[in-house]
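Participant: Here's the letter readout for the chains.
Number of protein chains: 2
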Amino acid sequence: MKKGYLRLPGPTEIPEEVLLAMSKPMIGHRGKEFKEIFSSVSEEIKGVFQTQNDVLIFPGAGTGGLEAAIVNLFSPGDKVLLISVGVFGNRFGEIAERFHLDVEKIEFQWGKTFDLQIIKERIDKDKGGKIKGVIVTHNETSTGVLNDISSLKDVLRNHSALLIVDAVSSLGAVDLKTDEWGIDVVVTGSQKALMLPPGLTLISISPKGWDAVEKSQIPKYYWDFKKAKNNLIKGQTPYTPAISLIFGLKESLKLIYKEGLDNIFSRHILLSKAFREGIKCMGLTPFADDHCASPTVTAIKVPDGIEPSKLRKKMADEFRMDIAGGQQKLQDTIIRVGHMGYVDKLDIISTLWALGMTLEELGFGADITSAIKKAQQVLKKEG
Amino acid sequence: MKKGYLRLPGPTEIPEEVLLAMSKPMIGHRGKEFKEIFSSVSEEIKGVFQTQNDVLIFPGAGTGGLEAAIVNLFSPGDKVLLISVGVFGNRFGEIAERFHLDVEKIEFQWGKTFDLQIIKERIDKDKGGKIKGVIVTHNETSTGVLNDISSLKDVLRNHSALLIVDAVSSLGAVDLKTDEWGIDVVVTGSQKALMLPPGLTLISISPKGWDAVEKSQIPKYYWDFKKAKNNLIKGQTPYTPAISLIFGLKESLKLIYKEGLDNIFSRHILLSKAFREGIKCMGLTPFADDHCASPTVTAIKVPDGIEPSKLRKKMADEFRMDIAGGQQKLQDTIIRVGHMGYVDKLDIISTLWALGMTLEELGFGADITSAIKKAQQVLKKEG
Chain A
1 MKKGYLRLPG
11 PTEIPEEVLL
21 AMSKPMIGHR
31 GKEFKEIFSS
41 VSEEIKGVFQ
51 TQNDVLIFPG
61 AGTGGLEAAI
71 VNLFSPGDKV
81 LLISVGVFGN
91 RFGEIAERFH
101 LDVEKIEFQW
111 GKTFDLQIIK
121 ERIDKDKGGK
131 IKGVIVTHNE
141 TSTGVLNDIS
151 SLKDVLRNHS
161 ALLIVDAVSS
171 LGAVDLKTDE
181 WGIDVVVTGS
191 QKALMLPPGL
201 TLISISPKGW
211 DAVEKSQIPK
221 YYWDFKKAKN
231 NLIKGQTPYT
241 PAISLIFGLK
251 ESLKLIYKEG
261 LDNIFSRHIL
271 LSKAFREGIK
281 CMGLTPFADD
291 HCASPTVTAI
301 KVPDGIEPSK
311 LRKKMADEFR
321 MDIAGGQQKL
331 QDTIIRVGHM
341 GYVDKLDIIS
351 TLWALGMTLE
361 ELGFGADITS
371 AIKKAQQVLK
381 KEG
Chain B
1 MKKGYLRLPG
11 PTEIPEEVLL
21 AMSKPMIGHR
31 GKEFKEIFSS
41 VSEEIKGVFQ
51 TQNDVLIFPG
61 AGTGGLEAAI
71 VNLFSPGDKV
81 LLISVGVFGN
91 RFGEIAERFH
101 LDVEKIEFQW
111 GKTFDLQIIK
121 ERIDKDKGGK
131 IKGVIVTHNE
141 TSTGVLNDIS
151 SLKDVLRNHS
161 ALLIVDAVSS
171 LGAVDLKTDE
181 WGIDVVVTGS
191 QKALMLPPGL
201 TLISISPKGW
211 DAVEKSQIPK
221 YYWDFKKAKN
231 NLIKGQTPYT
241 PAISLIFGLK
251 ESLKLIYKEG
261 LDNIFSRHIL
271 LSKAFREGIK
281 CMGLTPFADD
291 HCASPTVTAI
301 KVPDGIEPSK
311 LRKKMADEFR
321 MDIAGGQQKL
331 QDTIIRVGHM
341 GYVDKLDIIS
351 TLWALGMTLE
361 ELGFGADITS
371 AIKKAQQVLK
381 KEG
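Chains as they are written, first to last, in UniProt numbering: chain A, 1 to 383; chain B, 1 to 383.
Any given hint could be a false lead.
[Stated by the list, open to error] Lysine to aspartate or glutamate pairs mimicking DMTMM-like chemistry, simulated, CA-CA at most 20 angstroms apart: (1) Lys-220(A) <-> Asp-102(A); (2) Lys-220(B) <-> Glu-33(A); (3) Lys-2(B) <-> Asp-347(A); (4) Lys-132(A) <-> Glu-107(A); (5) Lys-220(B) <-> Glu-107(A); (6) Lys-310(B) <-> Glu-360(B); (7) Lys-226(A) <-> Glu-360(B); (8) Lys-24(A) <-> Glu-13(B); (9) Lys-32(A) <-> Glu-318(B); (10) Lys-3(A) <-> Asp-347(A); (11) Lys-258(B) <-> Glu-13(B); (12) Lys-234(A) <-> Glu-16(A); (13) Lys-220(A) <-> Glu-94(B); (14) Lys-24(B) <-> Glu-107(A).
[To be verified] Now the stretches of chain B that chain A is said to cover, found in silico as 3 or more residues with beta-carbon under 8 angstroms: (15) 41-51; (16) 241-253; (17) 310-324; (18) 376-382.
Bear in mind the hints are in silico, worked out from the structure with no lab data behind them.
Heads up, the beta-carbon is just placed ideally off N, CA and C, and yes, glycines get one too.
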């Protein structure tokens, strides 16, 4: 028996329809059939981004999309304010520094959300508008924290900075109103809530973002937004697109709109709540505060005396369930469980059970019955 | 009836085993199973590159791989000698210029191969070793010309320049002895002779190439070779890999080694010869000279009075066979037929027939019978 259960914060499980769509024979990327598919997915994906802005799709990992945003929007020496609450916030800052931006980082405690007041004070102080961009992570995959991006709208109301959001592990699972909240650039990847394999990065750019693109002085070729947009108008891409993943995207968009975005957002909130309440009953402590808990990934403090790597290995060996470990300084203290994309109530129950059983075998007296009962109550009451 | 026949110079048709391998459920990219697969394909692919050098695999198009080579190997102001015989040679040069390299271009007539004597003279003149790299296309997809890369070894014997080869439309179909011919960097893509969908770029780097990487001053993050190598040692990638395409690569490598590289090279030479001789009998003229004809793609001069775009549309409409048009200044004069990767004798016969039938309907008296008979003779005699 080899049935596996993927509970990582990406890559995530993929619906059968999507898997099969990706095994269709190749077609030419300059032909009519592909143009139709690419034009339609590029239009339809705007709904998931909740935007009227252009959305560009490149073959690449999400990190490639973050790099693309930096090299297209800025010039060396440009000041950006980086708001970080964990590994992926820091990574975005590292990329900006690598391309010689002047990065001012405000890093908040891992496991917490950003403090809006501190950001507001910094922005208000910048009377001359030196800050060209505010860079922030929507959902910090390394800590399971969701930042409230909507709250930044007021803070930036009288400031000219671009708002750039890393939504790799949130877009399509968590409400992100790109246009309503005034977000200029949103970057995501295919392997999270979009229910696809990794290999695509998708980026929306506002008209204000396009103005910045015109001024950008960082050399770029593969990630060139202007070239991509000029091709998109013709239903094409500058270089060969990842055709099989585009086939998959067409199919996953069908599933997304069939369920409805609002239903998807509610489902993720409900499932994450059931999971959190469940693990608390088991005697475990979530790493992130309740009020900023991510709907897509839950980080859990591992009880004293248990090694996270051993726990994960045991869970993989016994139940073939893959969960993630902590990154960098959290390596020895947390585990992370993904519940995004193609995931439903039963997956939460089975994950609680497998986690509880594994902990029990490692000598931690997990109250599995209470955990499942509690999750069941949450799912029943609000589901 | 919707059965399609893909005769483009990429993307190419994909074996059923490979298509099905790519529809397997996702697995974690930091887990044991993926590490094993990634380590083994990264080793096995070296055979196709005919190298002992490291081969790095990134999610991205082939053009991304060309950019990766430039930003990892050079610094702004570095002089490179670009040898171009067409669109893709020029593109590689454009990328180098975009990243502020000092590009000296020697462009040869489109449809011809490079003139070794001219290259030799330029290299011999560079006594001070100012030229840091020689950049050349193995198989120029835009003209159907194969450059003899082996001949550059002697030319560069007493020169320190890196030899960088774009082998996007040749690797795995045409003999390219990376180590024996002293090639420092080879770049390819997944969607050609490797019989996969687009979405992966693969790059080999020699020890001398790695020395250059150490000195490179161009900013890079996503394409960082050093980071990729440090991860490869652990069977990993710095950022999320295109897992489904890696599954496909594992399968296509099986097929490649089952047939044997030498047999694959012979097959491509035979099929291209049969195709060329066939179209000549039909009254058509190949764009490239016989002695430098590409084994993977044949460019054909379109007879006077026939518009290439109409021909292609008719062929697609009537036979659902996709062939490519000319690029840039060749747009109105040539068509291009791909015969690489998953292609065999019967595909050559059927392509000749469909092309002949289409031409006939457009008023060109193509001698289909002679063409097929001639191809048959070539296939019978040498096959």
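Participant: Which of the numbered hints are not met once you compare them with the structure shown?
Facilitator: Result: hints 2, 3, 5, 7, 12, 14, 15, 18 break, sorted rising.
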